[in-house]
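Protein chains: 2
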Amino acid sequence: MSKTKTSDQIKREQEKRSMERIYNMMKTIEKGILNGQPPELEMPGRGMNNAIYDKEKHRLVLGDKKTKRKYLNVAHTRKFMQTLKVADACYNELLKKHKTTTIRDLFYSVLGTIPGTKIQTFDDQNESNQVSVDLEVALGLAREDFNLVAESSGSVVGNVVIEDHNDIIDWSKMGSGGWSVPSIVDHIVFKKVNAKFILYVEKKAVWNRLREDEVWKKYNCVLVATRGQSDRGTRRLIKRMSEEFDLPVYVFTDSDPYGWYIYSVIKYGSMALPHTSEYLATPNAKFAGMSMDDLEKYNIPKSHTLPMKPTDIKRAKEMMKYPWFQSEFWQKQLKKAIESKRKAELQSLAKYGIEFISETYIPDKIKNKDFVD
Amino acid sequence: MSKTKTSDQIKREQEKRSMERIYNMMKTIEKGILNGQPPELEMPGRGMNNAIYDKEKHRLVLGDKKTKRKYLNVAHTRKFMQTLKVADACYNELLKKHKTTTIRDLFYSVLGTIPGTKIQTFDDQNESNQVSVDLEVALGLAREDFNLVAESSGSVVGNVVIEDHNDIIDWSKMGSGGWSVPSIVDHIVFKKVNAKFILYVEKKAVWNRLREDEVWKKYNCVLVATRGQSDRGTRRLIKRMSEEFDLPVYVFTDSDPYGWYIYSVIKYGSMALPHTSEYLATPNAKFAGMSMDDLEKYNIPKSHTLPMKPTDIKRAKEMMKYPWFQSEFWQKQLKKAIESKRKAELQSLAKYGIEFISETYIPDKIKNKDFVD
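Chains as they are written, first to last, in the numbering used here: chain A, 1 to 373; chain B, 1 to 373.
Just to be clear, a hint being listed does not mean it is correct.
Intra- or inter-copy, both count: the list cannot distinguish identical chains.
[Stated by the list, open to error] Listed below are the simulated DSS-like cross-link pairs for lysine-lysine, each with C-alpha atoms no more than 30 Å apart in a straight line: (1) K5 with K196; (2) K341 with K321; (3) K68 with K27; (4) K5 with K96; (5) K336 with K118; (6) K118 with K365; (7) K173 with K97; (8) K57 with K70; (9) K173 with K217; (10) K217 with K192; (11) K332 with K367; (12) K85 with K367; (13) K16 with K173; (14) K286 with K365; (15) K218 with K321; (16) K367 with K99; (17) K367 with K286; (18) K97 with K55; (19) K286 with K335; (20) K31 with K85; (21) K317 with K173; (22) K309 with K192; (23) K57 with K365; (24) K332 with K309; (25) K192 with K335.
To be clear, the hints were calculated from the coordinates, so they are not data collected in a lab.
On a predicted model such as this, the values are computed, not experimentally measured, just so you know.
Sequences are here, hints too, so could you generate the full structure?
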């Protein structure tokens, strides 16, 4: 990354690279046709059955199963048409015009009937979503490289100054709000990163507590939150900062399987989209709490915990089998959760006063380096 | 509002006023006890059956039903204790310490057992929520005046500069993100408001489209979005800007009963919390789209619409009876929705290209003053 380039220049280069890849794919198809061969696309197999946990890389990766999508195979024709239609929209409507859009808007824009027929190009958004992911995998790019965005929900404060679209943004001067993390952050230029680590929480309510108590100033950290599952823009931002500035990442979630899974998605990537791990996962992220052990350590009474729903228990049982939850620590936490049928929110610590989390819980974790993988 | 005060000074004054009101309430109770009278609290009746549409004020208001809560009435004792416990936490833990918290954290902090017994002070969060609202009504304050916050989800950009907690924040320099609207905005000092109107959309995806297409620059407006139902912080921000700077407010939602209700909550207030209208409602807000009429006007095909769920239809039928949806326009829209059983998102306009909403739909609405009440 050159420090002298602006975020807009970086963005234009990224768009150019994506356009070249789409162009080359199209050229290959064209060449096939001109040589009298039926057009085809090679696609790596996707989905959970091709998601592999890579112990070396410490993240989920895509296996090497591959499929060919042929235009002249009746079973493939529709998918073939859809793939080209989405590629066309990404190339001509988004990248070429320097515009971004959501997968939902993309669906509306490619939806229509095939001329001369009443056949719909797409039955539902699921079809265009699938094709977008196919294109990511086939071209070795992330959705964001096509200017396709997911909704973002991240908020951030900290001693960091960035440049984005010619604006200089100081994350330490956001008043009682924060900077809304956008969906695409690849082009952002970090002008100053004067922070020692990244502290992630899964909830805005907790983020707000820590922001107000100035935890980010006291410990000089970047304070990030999403609303529940972390969105792609926020995960990418965490990964970029962690890797480019060698910042440790400490993740605080509720003590429940859902929260722990949020942590694992930040660290290892998502099972549904293993090909995105390289782009989104931060393998050096550490879990800092809240665990079932914490409930005992901090004497959280049953009244301050919540019953696990059957889906929570099912999720916990599944997680016990995941290769990346095999450590003694995680097996113990998951087992405790399943047996006690209880879970607890970070906010349950408010039993000891609303500032307990800022003044005792988090400082203890940091002081004692109480982090696990 | 004095322009020379800082946001922190304003905040402290607001906290002082709230503390005085709680103190006076407590003093009245104490006085009663010292005079040998059973302690009691007077509470305006709440809930839908005491929500009245005030045609003069153009908003929902609380009716004049009142109840007395007596400590020595066995049926009231528990509520009485809970009310004092929440008032105590707001006074001593929040206002006195200049801290804010969510109603969820408040619940965790007041939850416990009555000394010497195994009786829980609160059975569930619903009880502490109810008591918080009782206090709002009894003291003529908003939840925010007690430093109790709801989660906020708003994002904003525009030609506005504010001061918040000594930070100067320029909403026109937010890169590809925006300023995350905090939960409490009463203390914010507007340093410069160089915008002609407020444009509200109910979705971040649409906000992002308009932000990227620089609609807010072209029309010099403040662009605000929430995620679905608008949160209190964002509604208060819209109200303050609209009233203090005489800015019109134009609301864009999906064409469905849920979206139209979002509009009505911004304009008239919420039925569940009619006493908050004075604090949160913006009676001069106008609806700008999307309507069932728009679907015809812009030739949105059925494929780009969605089926109404039974709950949507039920909601539409209820809304037809609301006094503030009695105009010819709204009765027509609701009837059309119920009869066609279809609804549509703003994004369905992407049928004509992703920029159609920015380049045609919204400009047409503004040019033709196509706004309704």
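How would you label the pair K85, K367 (within, between, both, or neither) given a Cα cut-off of 30 Å? This pair counts as neither: shortest intra-copy Cα distance 54 Å, inter-copy 34 Å.
How would you classify K173 and K97 at a CA-CA limit of 30 Å: within, between, both, or neither? between (33 Å within a copy, 22 Å between copies)
Under a CA distance limit of 30 Å, which applies to K57 and K365: within one copy, between copies, both, or neither? within (27 Å within a copy, 53 Å between copies)
For K173 and K217, with the copy left unspecified, which applies at a CA distance of at most 30 Å: within, between, both, or neither? Both: 12 Å inside a copy, 23 Å across copies.
Please sort K217 with K192 into within, between, both or neither, judging by C-alpha distance up to 30 Å. both (15 Å within a copy, 28 Å between copies)
With identical chains treated as interchangeable, where does the CA-CA distance between K192 and K335 reach 30 Å or less: within a copy, between copies, both, or neither? Cα proximity of K192 and K335: none, with 44 Å in one copy and 56 Å across.
Reference check for the pair K118 and K365, CA-CA at most 30 Å: within, between, both, or neither? neither (62 Å within a copy, 32 Å between copies)
Classify it for me, K5 with K96: is the Cα-Cα distance of at most 30 Å met within a copy, between copies, both or neither? within (20 Å within a copy, 49 Å between copies)
For K367 and K99, with the copy left unspecified, which applies at a CA distance of at most 30 Å: within, between, both, or neither? For K367 and K99, only the inter-copy Cα distance (25 Å) is at most 30 Å; the intra-copy one is 46 Å.
Intra- versus inter-subunit Cα pairing at 30 Å for K367 with K286: Only inside one copy: K367 and K286 sit 15 Å apart there, 54 Å across copies, limit 30 Å.
Homomeric proximity label, K286 with K365: Cα distance no greater than 30 Å: Within one copy, since 12 Å is at most 30 Å while 50 Å is not.
What label fits K332 with K309 when the C-alpha limit is 30 Å: within, between, both, or neither? within (19 Å within a copy, 43 Å between copies)
Comparing the model with each earlier hint shows violations of hints 6, 8, 12, 15, 18, 21, 22 and 25; every other hint is respected.
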